[in-house]
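S.K.: Sequences are here, hints too, so could you generate the full structure?
Protein chains in written order, with the working numbering: chain S, 1 to 514; chain A, 1 to 319.
Errors might be hidden in some of the hints.
[Stated by the list, open to error] Sample of chain S residues facing chain A (criterion: CB under 10 angstroms; computed from the structure):
| id | residue |
| --- | --- |
| 1 | Phe214 |
| 2 | Leu216 |
| 3 | His320 |
| 4 | Pro338 |
| 5 | Ala339 |
| 6 | Ala343 |
| 7 | Arg353 |
| 8 | Ile359 |
| 9 | Pro380 |
| 10 | Val382 |
| 11 | Lys427 |
| 12 | Gln431 |
| 13 | Gly494 |
| 14 | Gly498 |
Calculated from the structure, these hints are not laboratory results.
Keep in mind the model is a prediction, meaning the values are calculated, not measured.
Where a beta carbon is used, it is the ideal one built from N, C-alpha and C, also for glycine.
Here is what each chain is made of, one letter per residue.
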Amino acid sequence: MTATAPAASSPLLEVSGVTKRYPGVLAVDDVSLSLEAGQIVGLVGKNGAGKSTLIKIIAGAEHADEGHLRLNGESLELHRPHDATDAGLAFVHQDLQDVGDLSVAENVMMGLGYPRKMGLFVDWAELYRRAADPMVRLEADIDPREPVGELSVAKQRLVMIARGLAQQAQLLVLDEPSASLTDEEIEHLFAVVRRLRDDGITVVYVSHRLEEIFELTERVIVMRNGQLVADEPTASLNRSSLISHITGHEHAQTATERRASRRVGGRPDTEVVLDVDGVSADTGVHDCSFDVREGEILGLGGLMGSGRTEMVRAVFGADHRREGSVRVHGQEIRDNHPAESMAAGLALLPEDRKTQGNIMDFSVRNNITLASLDRHRVRPRVPAPLPRSEKQAADRRIGRLSIATPHDRQLVRLLSGGNQQKVVIAKWLEQGSDVLIFDEPTIGVDVDGKEEIYDIMEELAAEGKAVVFISSEFSELVGVCHRVLVLSEGRIIGELEGDEVTEPAIVEICYSQH
Amino acid sequence: MSLDVLGFISTYGVFITLVACIVIFAVLDSRFIEIDNLRTQLGLAAPLLMLSLGLTVVLAMGDFDLSIAGTLSACAAAIVVLIVNHDWPWGLAVLVGVAFGLGIGAINGLLVSYVEMPSFITTLATFLILLGVEYMISDGRNITGAADMPDLYRDLGIGKPEPWTEFTSPVWIAAGLAIILWLLMAKTELGRYMYAIGGNPEAARLSGINVKALRALGFVIVGFAAVIAAVSQTARTASSIPRVGISLLLSAYAAAFLGAAASRKGLFNVPGTVLGVIFLQAVQSGLTILGYDRDILDISRGSILVLAMLLTALGARRR
Chain S
1 MTATAPAASS PLLEVSGVTK RYPGVLAVDD VSLSLEAGQI VGLVGKNGAG
51 KSTLIKIIAG AEHADEGHLR LNGESLELHR PHDATDAGLA FVHQDLQDVG
101 DLSVAENVMM GLGYPRKMGL FVDWAELYRR AADPMVRLEA DIDPREPVGE
151 LSVAKQRLVM IARGLAQQAQ LLVLDEPSAS LTDEEIEHLF AVVRRLRDDG
201 ITVVYVSHRL EEIFELTERV IVMRNGQLVA DEPTASLNRS SLISHITGHE
251 HAQTATERRA SRRVGGRPDT EVVLDVDGVS ADTGVHDCSF DVREGEILGL
301 GGLMGSGRTE MVRAVFGADH RREGSVRVHG QEIRDNHPAE SMAAGLALLP
351 EDRKTQGNIM DFSVRNNITL ASLDRHRVRP RVPAPLPRSE KQAADRRIGR
401 LSIATPHDRQ LVRLLSGGNQ QKVVIAKWLE QGSDVLIFDE PTIGVDVDGK
451 EEIYDIMEEL AAEGKAVVFI SSEFSELVGV CHRVLVLSEG RIIGELEGDE
501 VTEPAIVEIC YSQH
Chain A
1 MSLDVLGFIS TYGVFITLVA CIVIFAVLDS RFIEIDNLRT QLGLAAPLLM
51 LSLGLTVVLA MGDFDLSIAG TLSACAAAIV VLIVNHDWPW GLAVLVGVAF
101 GLGIGAINGL LVSYVEMPSF ITTLATFLIL LGVEYMISDG RNITGAADMP
151 DLYRDLGIGK PEPWTEFTSP VWIAAGLAII LWLLMAKTEL GRYMYAIGGN
201 PEAARLSGIN VKALRALGFV IVGFAAVIAA VSQTARTASS IPRVGISLLL
251 SAYAAAFLGA AASRKGLFNV PGTVLGVIFL QAVQSGLTIL GYDRDILDIS
301 RGSILVLAML LTALGARRR
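M.R.: This is the structure we're talking about:
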C-alpha cells in the first residue's frame with residue numbers, strides 16, 4: 001500500500017523507514033512516504049496511531065530511532081525544532097503556541113529578529129509593514145498591532161500560519177486546525193489552505209473530522225498502530241472505506257444506519273427529570289425552555305457560537321443565570337452554583353477537558369473520585385477519604401470505560417486526549433447524577449473512542465438517566481438522540497423528534513435564520 | 001546506570017543535600033550533633049516552622065501571602081504591650097492576638113477570594129498596613145519586660161512540658177500544628193479539594209468544590225499560624241522586636257519551596273515544609289558553630305536553595 005511513486009525530480013519531503021520506539025510502545029513503525037510540492041494531504045488515524053509522533057519527528061522535536069528524512073533530495077538532519085523551521089517546515093499545533101501579550105506582527109515575525117533603526121532601536125513601522133505582507137496573502141483582516149491574545153481562535157490560527165509564510169515555509173502541517181472554529185471561519189481556513197497549495201506550498205492537514213478531509217484534501221495518508229496503512233487519492237475513497245482503514249474493521253456504519261440498528265426512536269414516555277423554563281444569561285442566552293425525560297437522550301445542535309455551551313452553563317450554574325428556573329425532579333434549584341446543581345442531581349461535563357474537566361496533575365484515581373469524595377469516607381461522619389475504597393471505585397471505572405492507563409495512580413496529564421475525556425466521564429458517573437450534560441465529549445477523540453462514548457450515553461439512558469448531548473458533528477446527534485433541539489444566537493429555534501432527526505433537517509434549521 | 005544515579009539524586013535531591021550538610025558539619029565540629037544543640041535549634045526553629053506550615057496551605061491553593069510577616073510583627077508587639085505596659089491578663093492578650101490574626105486572614109481571604117484581587121499585591125498591601133500598625137503600637141522600639149511577664153506566659157516559650165526530651169513548649173506546639181495541618185492536607189476531603197484548587201480552580205469549581213470559601217479559609221489558617229508564631233517568639237525572648245516577622249518571611253517561603261522540591265510531584269506539602277525548616281535551621285546552626293558571620297550564612301542559605309532546586313529541576317527535565 002505504501003506506494004512511493006518514482007518521481008522524475010526529487011519530491012519535497014521524503015520519509016523513509018522511520019521508526020520510533022517509546023518504552024513498551026512502537027509509536028512509529030517503519031513509515032515511508034513522500035510529499036510532492038503543492039499538495040493538500042490529509043493525515044488521519046486514531047489517537048495513539050502515531051500521527052503526532054511522526055509529525056514531531058518531521059518537526060525535529062523527537063528523534064527517529066531508525067530511518068531518515070530527505071528534503072528536496074538532500075538529507076535532512078534535525079537536531080532541534082529550529083532546524084526544521086530553517087529548512088522551511090512550519091507547524092501549527094492544536095494548542096496555540098503564540099505569545100498572547102505580544103502583537104500580531106511580533107508573533108508573525110517571531111524567530112526572524114526585529115528590524116532595527118540606527119542598529120539599536122526596534123523599527124516598529126518596518127516590523128508592522130513586513131508582517132502585513134503574509135497577512136495580505138492570507139486575506140486576513142487583522143491589525144498587526146493588536147495583541148494576539150485578544151483575537152478569536154480562528155484568527156490566532158491564521159497568525160500562526162502567517163508565521164510559517166514569513167519563514168518561507170515549503171511545507172505546512174496543520175494539526176486539528178478547525179477545532180473550535182465556526183463554519184464560516186472553517187470556510188475561510190479552507191480557502192487559505194487552497195491558495196497556499198496554488199502557491200506551491202504543501203499542506204499536511206491532520207483532522208478527526210472526516211468531512212473536512214473529503215472536502216479539502218487530494219490525498220489521504222492513514223496511520224494505524226504506528227504503521228502507514230493507506231496512502232491513496234482522496235477521490236478513490238468514501239467515508240466508510242476511510243473509516244475501515246482507520247479502525248481496521250471491515251464495515252463502518254453511517255449515522256442513519258446506526259440510528260436504525262439501535263432502534264433510536266422518539267422520546268420515551270416517562271417522567272420529566274430536568275425542566276428548564278425561560279433561562280436567560282448575560283453570556284448571550286435568551287429565554288430557553290425545554291425538558292428532558294428519564295431515559296431520554298436529548299441532542300443540542302447548532303453552529304459554533306450558537307450558544308449551546310452558554311445555555312447549559314447557565315442551566316448548571318457555571319455562569320450566572322439572570323432569569324428563569326431550573327427544576328430537577330420537580331425541585332427548583334434556587335442558588336445557581338455548581339455545588340447546588342450537583343446536589344440536586346445535575347452534572348455538566350465541560351467542553352474543554354484540559355482547562356475545565358480534569359485536574360491534570362492529579363492521578364486518574366483522584367480525578368475520578370473528586371466529585372464524590374464523601375462516599376469514600378473512613379467512617380460516615382469523618383470527612384477523610386479511604387484510599388482503598390477510592391481505588392476500588394477508580395479501578396471499576398477504568399475497567400468499565402476501558403480507560404487506557406497503566407494504573408490508577410497515573411497522572412491524567414500523561415494520558416491521551418480520548419482517555420482524558422473518559423476520566424471526566426468516569427468522574428461524573430461516579431458522582432451518580434440523574435441528569436448528565438455532555439458538552440462536545442467527542443472532540444479530538446478517535447472513531448473507536450467516539451463509539452464508546454455513544455455506548456456510555458446509551459447505557460446511562462437505559463439506566464433511566466436523562467442525557468443532554470451537545471455536538472457540532474450532527475451525524476453524532478442523528479446516531480444517538482431521541483430528540484434534537486437546534487439553537488441559534490442563544491435561542492432554541494427548532495425541535496426534531498424520532499424519525500425527523502436527520503442531518504439535512506438539522507442543517508436546514510441551522511441555516512433557516514441566516 | 002549513570003542515568004539511574006541522576007534519577008536518584010533528582011528525586012531525593014533535598015534529602016541528599018541535607019544529609020550531606022549534617023555529615024559535613026558533624027565532622028567539622030562535633031558540637032553540632034550534641035543533644036543540647038538539637039534542643040536549642042528546634043526551639044529556635046519552632047516559630048519559623050509554625051509560620052511556614054500555615055503558608056504551605058495557602059501556597060498549595062496557588063495563592064501567596066506576604067502579609068504574614070506583618071501579622072506576626074503586629075501581634076507580637078500588641079501582645080507584649082498589653083501584658084507589659086497595660087497589665088492585661090496574658091490569656092486575654094493572647095486571645096486578642098488570635099482574634100486579630102484570624103481577622104487579618106479573613107480580610108485577606110475576602111479581598112483575594114471573593115473580590116478576586118491578585119493575592120500577591122493584595123497581601124503586600126495588607127503587609128504594609130500591618131507594619132504601620134506595628135509601629136503605632138511599639139513606637140518602633142524593642143519592648144522587653146521579662147519581670148512583668150507572668151511565668152505561665154513565659155512557659156509558652158521556654159517551658160519544658162516533659163522531663164524526657166526536654167524540648168521546649170514551642171517545639172511541641174509546632175509539632176502539634178504540623179500534625180493537624182498534615183492530617184488536613186493529606187488525609188481529609190478539604191485537603192484534597194485544596195490541592196484540586198491549586199491544580200485547576202475552574203475544574204474544581206465545576207466539580208462542586210466551594211473554591212472561594214476554601215481559598216479564604218487558607219488565609220485564615222495562615223493568619224492563625226502567624227499569631228501562634230508571634231506568641232512563641234515573644235514568650236521565648238520576653239520581648240517584641242520590631243519587624244520580627246520580616247526576617248522570618250523569606251525563610252518561610254524558602255522552607256515551603258524546599259519542601260515542594262523534595263516532594264515527588266513538586267507539590268507544597270506539610271512534611272516537606274518541616275524538612276525545609278529543619279534544613280535551613282541546620283545550615284544556620286552549623287555555620288554559626290563554625291564561627292561564620294551573617295554574610296556567609298545568607299550566601300550559604302541562598303546557594304543551598306539554588307542547589308536543591310537545581311537537582312529537582314534536573315529530575316523534572318528527565319521525566
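S.K.: Which numbered conditions among the earlier hints are violated in the structure presented, ordered from lowest to highest?
M.R.: 1, 2, 3, 9, 13 and 14
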